[in-house]
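Peer 1: Below, each chain spelled out in residue letters.
There are 2 protein chains.
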Amino acid sequence: MHALVTGGAGFIGSHLCDRLLALGYRVTAIDNLHLGRMRNIDHLMARPDFHFQQLDMLDREGMDQLVAADRPDAVFHLAANSDIAAGNANAELDLQLNQLTTTTLLAIMRKYEIGRLFFASTSAVFGEAEGNIHENHGPLRPISLYGASKLAAEAYLSVYALSFGIKTLVLRFPNVVGERSTHGAIYDFINRLKADPTRLQVLGNGRQTKPYLYVGDLVDAILLAWDKAPGAYEVFHASGIGETSVRDIAEIVVSKVAAGAAIEYGSEDRGWLGDVPRFSYDISRLVTLGWSPKRKSTEAVELAVERILANGF
Amino acid sequence: MHALVTGGAGFIGSHLCDRLLALGYRVTAIDNLHLGRMRNIDHLMARPDFHFQQLDMLDREGMDQLVAADRPDAVFHLAANSDIAAGNANAELDLQLNQLTTTTLLAIMRKYEIGRLFFASTSAVFGEAEGNIHENHGPLRPISLYGASKLAAEAYLSVYALSFGIKTLVLRFPNVVGERSTHGAIYDFINRLKADPTRLQVLGNGRQTKPYLYVGDLVDAILLAWDKAPGAYEVFHASGIGETSVRDIAEIVVSKVAAGAAIEYGSEDRGWLGDVPRFSYDISRLVTLGWSPKRKSTEAVELAVERILANGF
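As you go down the protein sequences, you meet chains Z and L in turn.
Residue numbering for the first sequence follows full-length UniProt numbering, starting at 1 and increasing by one per position.
Residue numbering for the second sequence follows full-length UniProt numbering, starting at 1 and increasing by one per position.
Incorrect hints may have been included.
[Stated by the list, open to error] Restraint-style ranges between C-beta atoms, simulated for each label pair: (1) Tyr112/L / Ala262/Z: 40 to 48 angstroms; (2) Ala22/Z / Val287/L: 52 to 60 angstroms; (3) Asn136/L / Ala259/Z: 43 to 51 angstroms; (4) Asn311/L / Ala232/Z: 40 to 48 angstroms; (5) Ser255/Z / Asn136/L: 39 to 47 angstroms; (6) Asp59/L / Gln96/Z: 15 to 23 angstroms; (7) His43/Z / Arg71/L: 51 to 59 angstroms; (8) Arg60/L / Gly260/Z: 50 to 58 angstroms.
[Stated by the list, open to error] Computed from the model, here is a short list of chain L residues facing chain Z with C-beta under 10 angstroms: (9) Thr103; (10) Ser144; (11) Leu157; (12) Ser163.
Keep in mind that the hints were calculated from the coordinates and are not lab data.
Cβ atoms here follow ideal geometry from the backbone N, Cα and C, with glycine treated the same way.
All chains should be built: construct the whole structure from the sequences, respecting the hints.
Peer 2: Dropping the structure here:
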């Protein structure tokens, strides 16, 4: 099998490349290096079964040429702006990088009859929905342009899957942590403490509580659903088990980076516009397929901090 | 009140202009005249409270200049490609005309602090969902690019309403019939019978059954919800009452245009790729506000055929 991984030098994309290669796939990775970094894939560059090309997916002609020459059996589309706050600051960013990359890819896959697609979606499609959110939950009312752009991409995926024959798996990612991450609370806290080891200032009151998933457990979920989900258009929710507050994260990072640093909280119940303070997924569909994360939420955070401190971001 | 109506020379847009003017609004209408036609608004052109400008909403600079000069209190956004079959034949059409018109408009409304928006959405966002479909129904799995582009537009509307302060009303249109329509079964059948009054060939087996709504009843629903829906982001379903099959429509058109013409049916259960053969809305939210259509589905079809034959399309 020959896979094209978009965003292949990114946080989750590079982990997926590692695992696809270990499973015997031949992998072509592309990345515009907007958030992705070469050092995430430096260890793969010498392999004969791995090929990397710096390419912007909005370069339609370049994408067409790549797919025409490369003819993958399947595409794993993880290229995106994953920084929600950055996307709200520049209203074109998520539309371009998350949605129009997807619609361009779909048109090219249809043209060259590439029959299988994985898409990285997000819990942000649901906005502030409450309860344990099932894959079929409605309504979907995103509150961030990031969530909107991913929901918009899903809308087109549905059509290409159900009417145009591209078998598609969507996994709506939760909060994912691990080495090679490019933003988020762990990333921010480590950087702030390295700048000033005496104190850590936290956006918001720190009471935002979410389940976190270690990136390796997420890749397990992707590959299991890829093998076992039979339908033309399949959507799954993956999530960490248990919950971890921003306060917990701050304390874990302080204990490992700068024990004794003072932690200072704000008063808001969320960190930025479009942040969802509390969120919970129903993951029973994925559990029925045989998946469960190896680490609970707080263990995932601890492992992520340890790996980042050992290996760099 | 000063309203900007996009798609104001179109089928539903021109009826809405008529009614807004009757209610005392000052109206600016824009249309690229892709599906809209000047003769739909010829009767308004001499009014001092009506202004028309031919403008393509994808002309971002032209849109910016118009809104900067015109400063409407509210925008009714009906500009769209509404021809589902045409949208599946050209994969860029719906993305451009239905979605990117909307995201461009939203950015401009935000820039000039225009605080209220109406958006014309569609039952096609639900694909082949079954049962009486409530506004909060999930999942949303469109099977046409038309449905995808409207769902994608809704995704961005949600963010601009809930996070950026543009109070928004979405009405998901059902099958709407009436004079000034530009496509659909009634339109096709009348044109075919005018070309050959001896026979009428019908795409599909004619058993597709849907509720049809007369355009005047739809405009009632828009204006009632506009006045009475209090939330920052409100979504409503409007629908005809009862159902009418394509066979019923064929027989009504034949009886009024070319009595005695032979009707010939195909064997497929739908007319074109992306057509949904059967569809039903839960309209209780709109009924609770005080709306009900004045004509049942088959009466709406009969009235539409009569008005079209009397006035032209």
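Peer 1: Determine for every hint whether it applies to the structure shown.
Peer 2: The hints, checked one at a time:
1. Tyr112/L / Ala262/Z: 40 to 48 angstroms: Holds - the Cβ-Cβ distance for tyrosine 112/L and alanine 262/Z, about 45 angstroms, lies within 40 to 48 angstroms.
2. Ala22/Z / Val287/L: 52 to 60 angstroms: For alanine 22/Z and valine 287/L the Cβ distance comes to about 58 angstroms; the hint holds.
3. Asn136/L / Ala259/Z: 43 to 51 angstroms: holds, 48 angstroms
4. Asn311/L / Ala232/Z: 40 to 48 angstroms: Holds, at about 45 angstroms.
5. Ser255/Z / Asn136/L: 39 to 47 angstroms: 44 angstroms Cβ-Cβ, so the 39 to 47 angstroms window holds.
6. Asp59/L / Gln96/Z: 15 to 23 angstroms: With Cβ atoms ~19 angstroms apart, the hint holds.
7. His43/Z / Arg71/L: 51 to 59 angstroms: holds, 58 angstroms
8. Arg60/L / Gly260/Z: 50 to 58 angstroms: holds, 54 angstroms
9. Thr103: At 6 angstroms from the nearest chain Z Cβ, threonine 103/L passes the 10 angstroms test, so the hint holds.
10. Ser144: At 6 angstroms from the nearest chain Z Cβ, serine 144/L passes the 10 angstroms test, so the hint holds.
11. Leu157: holds, 8 angstroms
12. Ser163: holds, 5 angstroms
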